Amino acid sequence: MMLFYFQRLIEILPFFLKGLWMTVAVSGISLVLGTIFGLVLGILRTSNNKILVGLIGTYVALIRGTPFVVQIFIVFFILPEWGIQLDAFPAAILALSNLGTAFICEIVAGGIKAVPKGQWEAATSSGLTLFQQLRHVIVPQSMQTILPPLVGQYVLLIKDSSVVSVIGVVELTRVGWVTVVRIPEGLMVFSLVGILYFVISYPLIRLSNRLEEKMATQKVML
Amino acid sequence: MIQFNGVNKWFGKLHVLKDIDLQVAAGEVVVICGPSGSGKSTLIRCINRLEKFQKGELFVDGTPLHDHSTNLTKLRAEIGFVFQQFHLYPHMTALQNVILAPINVRKLKRAEAEELGREKLARVGLADKADSHPSQLSGGQQQRVAIARGLAMAPKIMLFDEPTSALDPEMIGEVLDVMVKLTSEGMTMCVVTHEMGFARQVAHRVIFMDEGRLVEAGNPHDFFDNPQTDRAAQFISKILTH
Chain A
49 MMLFYFQRLI EILPFFLKGL WMTVAVSGIS LVLGTIFGLV LGILRTSNNK
99 ILVGLIGTYV ALIRGTPFVV QIFIVFFILP EWGIQLDAFP AAILALSNLG
149 TAFICEIVAG GIKAVPKGQW EAATSSGLTL FQQLRHVIVP QSMQTILPPL
199 VGQYVLLIKD SSVVSVIGVV ELTRVGWVTV VRIPEGLMVF SLVGILYFVI
249 SYPLIRLSNR LEEKMATQKV ML
Chain B
972 MIQFNGVNKW FGKLHVLKDI DLQVAAGEVV VICGPSGSGK STLIRCINRL
1022 EKFQKGELFV DGTPLHDHST NLTKLRAEIG FVFQQFHLYP HMTALQNVIL
1072 APINVRKLKR AEAEELGREK LARVGLADKA DSHPSQLSGG QQQRVAIARG
1122 LAMAPKIMLF DEPTSALDPE MIGEVLDVMV KLTSEGMTMC VVTHEMGFAR
1172 QVAHRVIFMD EGRLVEAGNP HDFFDNPQTD RAAQFISKIL TH
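One line per chain: the protein sequences are A and B, in this order. So in the numbering used here, the last one in the first sequence is 270, and the numbering has no gaps at all. So in the numbering used here, the last one in the second sequence is 1213, and the numbering has no gaps at all.
Bound-form chain B, shown alone (with noise of 0.2 angstroms):
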């Protein structure tokens, strides 16, 4: 589903990834993790061209990025992007953001988008708040109305950008829970995150990079447990201790 080649990317003259192997399959969910500043959600962001990488080659879904005559945006259609910071569109409701991509971008009717949009605000428990505006949510239920706006677009990716790093604690289960549930419907997920329950629940695979590189790749029981890096056992002593 998801395949890099050699990727590098520079901002400037800093090297932000570096050389980067990577595959993703259908319906595997993959944790990336690592300190602040080693590119891992300049990774994520690369997946739907948020990024531009200056070399290597990088395909999605069979579409090769590299290439400058692509159709991003029919591309970016098929991918949902959750963000740290949610980035709910403040000036609609809760049911309008969620379907302002269907309608437009898939031509939905309105009564068929609205019929779609309250299904997915259901699915992430927030039928009731589908009036409501960004303002009038907790951080918990706008990240959950970001993911519904995601999936709306019905995507072949999730891809979620530390999801839950904005979130007071008390809020990041109900978050986590819809992530969990859509894993089990077999979505393809790369999740930037540093909450190992998480990683070890449902993740086939979890990433350490550090520095722009990919240093390490396991399921998470090994990578947890016996990391095969020093940078990674320093990695993860730190946010098991924290």
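In isolation and in its complexed conformation, chain A is listed as follows (with noise of 0.2 angstroms):
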């Protein structure tokens, strides 16, 4: 019995492989995007202008406030109907990184708030730019509040990205889901699913808590 349960595990092991690297490509990609699109967004959402910032708060909230299978539904069926047709892989790119930028932007917009007024007063005092002051003075700060959650959102996208399996991303879960239609035993092939997550996800879970460790101690030193 333990014989052929291995046997069978050898025999799917190279398409569980494909799907683990179709979700590393749909997360890693998402969170690149993501985190780009998220810093800039959450940059603004500090900012004096008040159209500006209400347009970010919204978004964030809708993006946030809907289940994410709808938001990738609307992406890969409604678009569609107003003339933007996507394959499923940019399809789920393009959700993947809508969600991951809506988070993103408010561990920014929180870590950017936490640091002291009087950091942007010296810096403006001193006649750089805004630009500048973000650069050298407010982003670098603002890395200690920001890094622990940024590393936590990360692990969430990665495990948000088994969603896009509903529309046909052949990615980790939905090689699960085609395989347990072929062989029955349910029970080790979800159990595969959720090491190969692990595998990837727990090295960031590691990295978030060391993340938080360091920074804890040298907030006590600032």
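Since the hints were derived computationally from the structure, they do not count as laboratory data. It should be emphasised that the depicted structure is a prediction, and the values quoted were computed from it without experimental measurement. A virtual CB, placed ideally from N, CA and C, is assigned to each residue, including glycine. One thing to keep in mind: the hints can contain errors.
[What the hints assert, rightly or not] Straight-line distance between alpha carbons at most 20 angstroms, and here's what the computed SDA-like set of lysine to any residue pairs gives:
hint: 1; chain 1: A; residue 1: Lys262; chain 2: B; residue 2: Ser1106
hint: 2; chain 1: B; residue 1: Lys989; chain 2: B; residue 2: Asn976
hint: 3; chain 1: A; residue 1: Lys207; chain 2: A; residue 2: Pro115
hint: 4; chain 1: A; residue 1: Lys165; chain 2: B; residue 2: Gly1110
hint: 5; chain 1: A; residue 1: Lys98; chain 2: B; residue 2: Glu1022
hint: 6; chain 1: A; residue 1: Lys165; chain 2: B; residue 2: Ser1136
hint: 7; chain 1: B; residue 1: Lys1127; chain 2: B; residue 2: Leu993
hint: 8; chain 1: B; residue 1: Lys1023; chain 2: A; residue 2: Trp168
[Stated by the list, open to error] A few chain A positions that, by computed beta-carbon distances, are all more than 10 angstroms from chain B:
hint: 9; residue: Tyr53
hint: 10; residue: Leu57
hint: 11; residue: Leu92
hint: 12; residue: Ala109
hint: 13; residue: Asn146
hint: 14; residue: Lys207
hint: 15; residue: Ser239
hint: 16; residue: Ile243
hint: 17; residue: Val247
hint: 18; residue: Ser249
hint: 19; residue: Tyr250
hint: 20; residue: Asn257
hint: 21; residue: Leu259
[Said to hold, decoys possible] Here are some chain B residues the structure puts well away from chain A; computed CB gaps all over 10 angstroms:
hint: 22; residue: Asn1019
hint: 23; residue: Asp1102
hint: 24; residue: His1165
With the hints in hand, could you dock these two chains into one complex?
Listed below in structure tokens is the structure:
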């Protein structure tokens, strides 16, 4: 019996590794895009422009307040009605990086708001432009607050990438579904799926915890 | 150098500066004092437009600050500002604090800027602390780094907002010494402080503010020994007994 299980495992493993690769690709690209756009929107969210701040706030609330599966259906099934036809892979990237952007925007905005007002005033007074103030004074300091939850958000993003299986992207979860139709060992199949997600998430969870500890001791020093 | 004409400022409904008229000449050292909430900090924060004001005119080095098209970034590079709480950049060393603006605003090369920075740190007596982070420095040392940071931009005006109020008593002297040295070099300075010794020793003029008004101005000896208004007399007796 064990041998039989093991043989099956060997047979399906390459298929699973392909799925794992797709999960890494979808979530990897999305978290890079989400980080870039989230950083930009997060900085703009702390600006003095009330209209801009309001618009970003509304966007973030909409994305955070609706289920991801609904968002991905809208991207994949509704956007084509308005003439935007996307394949499953780009649709998955669009939806997931959009989700990442909304959450990371809030993390970044929170980090920037946590930098004391005096730091802005000192940087302003010395004649630095707004961009220079952000780049040299504000953002480096806000990283202390931003990094631990940011890495935590990456873990959530990787797990949320499983939802893109619903539009047919053959990533890890989809591989699980496809496999379980052909072979009856559901427990084995989804245990394997779970383990593979865990393998990529766990190092990030550790990293997030490490960063949190490190930042906590640094804060005491400041 | 600095000219206030009928400047008024409100924080919401609170009228914090009322019809301020004031001129500060180049090379002049002006000490501004008054009870807390009198608007003295707000007044000097207007000079580099950390605070906006709603009415009146303010010219700094010929630049109209009431004009919305004024390039504030350029103006601020010419004005050093020293805060009560120092506000050094905690993630940088003392030297990096001092040279950040010279590199980015004055576009100095790093080597030039470091030479300049070390020179300014030496001037405030902290040549040996160039590589220390603010968290490793005492309050007095941090404030002296902050002054060096201001001086590194070769400013035309230095503004001090209660520079010694957050310091332990034994550290006040070292900061005041640096400031006194600056006055002897002809720097235009506006200093919000209650340090009477400093005012008597180096101020050309003392200005007393109360409830957003400029109540009294005069040379330090007249002001402290023979105040013209009751409010000023009360205030002086309080800080003297304190």
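Taking the hints in turn, this is what the structure says about them:
A threshold of 20 angstroms between alpha carbons decides the hint, and for A:Lys262 with B:Ser1106 the separation of about 16 angstroms falls inside it, so the pair holds. Straight-line distance between C-alpha atoms of B:Lys989 and B:Asn976 comes to about 11 angstroms, which keeps the hinted pair within the 20 angstroms bound. Taking the CA atoms of A:Lys207 and A:Pro115, the gap is about 14 angstroms. The hint holds against a cut of 20 angstroms. With a C-alpha separation of about 19 angstroms, the suggested pairing of A:Lys165 with B:Gly1110 holds against the 20 angstroms cut-off.
For the hint linking A:Lys98 to B:Glu1022, the alpha-carbon distance of about 19 angstroms falls within 20 angstroms, and the restraint holds. Between A:Lys165 and B:Ser1136, the direct Cα distance comes to roughly 19 angstroms. Compliance with the 20 angstroms bound is thereby established for this hinted pair. At roughly 18 angstroms between alpha-carbon atoms, B:Lys1127 and B:Leu993 fall within 20 angstroms of each other, so this suggested pair holds. With a C-alpha separation of about 16 angstroms, the suggested pair B:Lys1023 and A:Trp168 falls inside the 20 angstroms cut-off, and the hint holds.
A:Tyr53, annotated as away from the interface, keeps every beta carbon of chain B farther than 10 angstroms; the closest lies near 54 angstroms. The non-interface label for A:Leu57 is consistent with chain B: the shortest C-beta to C-beta separation is roughly 50 angstroms, beyond 10 angstroms. Look at A:Leu92: its CB is around 19 angstroms from the nearest CB on chain B, clear of 10 angstroms, so calling it non-interface holds up. Look at A:Ala109: its CB is around 28 angstroms from the nearest CB on chain B, clear of 10 angstroms, so calling it non-interface holds up.
Every Cβ of chain B is farther than 10 angstroms from the Cβ of A:Asn146; the closest lies at roughly 32 angstroms, confirming the non-interface assignment. No Cβ of chain B comes within 10 angstroms of the Cβ of A:Lys207; the nearest lies about 33 angstroms off, and the non-interface call holds. The non-interface label for A:Ser239 is consistent with chain B: the shortest C-beta to C-beta separation is roughly 45 angstroms, beyond 10 angstroms. The beta carbon of A:Ile243 sits about 40 angstroms from the closest Cβ of chain B, which is more than 10 angstroms, so the claim that it is off the interface holds.
Remark: the non-interface label on A:Val247 is consistent with the geometry, its nearest Cβ contact in chain B lying 34 angstroms away (cut-off 10 angstroms). Separation of A:Ser249 from chain B is adequate, the least Cβ-Cβ distance of about 30 angstroms exceeding the 10 angstroms criterion. Remark: the non-interface label on A:Tyr250 is consistent with the geometry, its nearest Cβ contact in chain B lying 30 angstroms away (cut-off 10 angstroms). The Cβ of A:Asn257 sits about 22 angstroms from the closest Cβ of chain B, beyond the 10 angstroms cut-off, so the non-interface label holds.
The Cβ of A:Leu259 sits about 15 angstroms from the closest Cβ of chain B, beyond the 10 angstroms cut-off, so the non-interface label holds. Its closest Cβ contact with chain A, about 6 angstroms, brings B:Asn1019 to no more than 10 angstroms, contrary to its assignment away from the interface. Against chain A, the non-interface label of B:Asp1102 holds: every CB pair exceeds 10 angstroms, the least being about 16 angstroms. For B:His1165, the condition that its CB be more than 10 angstroms from all CB atoms of chain A holds, with the nearest at approximately 21 angstroms.
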